[in-house]
Amino acid sequence: MKNSSLGQAWLVLLLSLAFGAALAGVQVGWGPIIEQNKRNKTYDQIPRLVHDVEAVDLTGKPAKLSGVKEATEEVPYDDGKSVAFKVFWQGKDPAGKVHLGWVIKGKGNGYADVIEVLIGLDRKAERITGMTVLFNNETPGLGNKITTEKFQGQFRGLDAAKPVGCEKSAPAPGANRIQAISGATISSESVCNIVNQAVAGFRAQLPALNKKDH
Amino acid sequence: MAKDGPTPLERFLRGIIPENPVFRQVLGTCPTLAITGTVRQAITMSAAVMFVLICANLITSMIRNLLKPHLRILVFTLTIAAFVTIADKFLAAFVPDMSEKLGPYIPLIVVNCIIICRCEVCASKQGLAASAADAVGQGLGNTLALVAMATVRELLGSGSWFDIPLFWKEGTAGEQFRWSIMNQPPGAFITFGLLLGAVVWIDQLHQKRAAAAKR
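Protein sequence lines correspond, in order, to chains E and F. Each residue of the first sequence is one higher than the one before, starting from 1 at the first, in this note's numbering. Each residue of the second sequence is one higher than the one before, starting from 215 at the first, in this note's numbering.
Isolated chain E (complex conformation):
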């Protein structure tokens, strides 16, 4: 018994069970708080992602995007597997609720770990209005530059109907492409793939969502 596998490893097994139970308890206790933090972070990003969408107030002047967080609606799609944020600007007039666009989530594998992004789209989901990385564990100093405005800003204004390409050198003006981060091509390409997949999936569902509204 002493030299058997169980005799050798009983302490490891016991500790694994004890630590597993403790971590399960931690997850039960703090998991909802962490989820709420993530949710708050998502909602904080939403106004920024639709910022360059043409928003005018009732007098035709450019609008300050106040009340966007409060007016945004969550719309399930893809049989409830995903949620899109239907972004509204709530002006002073309650009747003046303006649909600014959509924000959708994308998720996929990066170089080191899963990458989660938020993508802003215009009302018809024809143009990307913004992109931000919500979660990443890419290499510090290299891959994690996907969180910089220099990288993320390249997505703004790109055509959502076509896949976004990624190249090492600066793309030609008008090309639906972005420049990869030097030394982190895999992370950059991963973000492009995640964006393309999420946008294509959402665009395929958009007619059904619009039908539901009417």
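Calculated from the structure, these hints are not laboratory results. All C-beta atoms in this analysis are idealised placements derived from N, C-alpha and C, irrespective of residue type, glycine included. A portion of the hints provided could be inaccurate.
What the hints assert, rightly or not - In silico DSS-like links for lysine-lysine, alpha-carbon gap of 25 angstroms or less: (1) F:K422 <-> E:K145; (2) E:K86 <-> E:K41; (3) F:K303 <-> E:K107; (4) E:K41 <-> E:K105; (5) E:K107 <-> E:K124; (6) F:K315 <-> E:K150; (7) E:K107 <-> F:K383; (8) F:K315 <-> E:K41.
As the list claims (entries may be wrong) - Chain E regions said to be covered by chain F (calculated; three or more residues, Cβ under 8 angstroms): (9) 22-30; (10) 34-47; (11) 116-127.
Fit chain F to the given chain E structure using the hints.
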């Protein structure tokens, strides 16, 4: 009764300066270089390392007589990983901004050599009191080193300490004196090298004085 190693007080004091984990043992260098851009980050990281150090040392000390020599590293890693996960979740739940800033460096405490080294050197051989004192001493030594690094880098790179502007404010003319390399990896290496050199120089000076006093 045979003495089974240094006393708790000796363990505690050694960890702070004579066996400082960063400047004397040169352990845990990766987070030291990476997260010392600001004092706030350095203190958060130090607190997480201290928590894991204390918990891992206590558990290891409690089960030290049950450890099989060829499975001990596995047990250390398992213990450390469990407490690192707890620290990571705590930060994500209650200090989400800092958790985000520190990013992968909190989960990477699992591979921080300071902790596994203390489990091996002290906790697997000594009782609870010595192990706890060792963890606190090493944790304080680590905190001291990280805060020293962060102080130099934040003062020179951002003109602030603990996010409080001291030399200049953002957007003012004084900002031209910003030594921005200090916010970047080369600044971390330069600061680390200079502080490491200073600690060695002071130590050698002490040794020379002690030798001269003996003569």
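- Query: Which numbered hints does this structure break?
  - Reply: Hints 1, 7, 11 not satisfied by this model.
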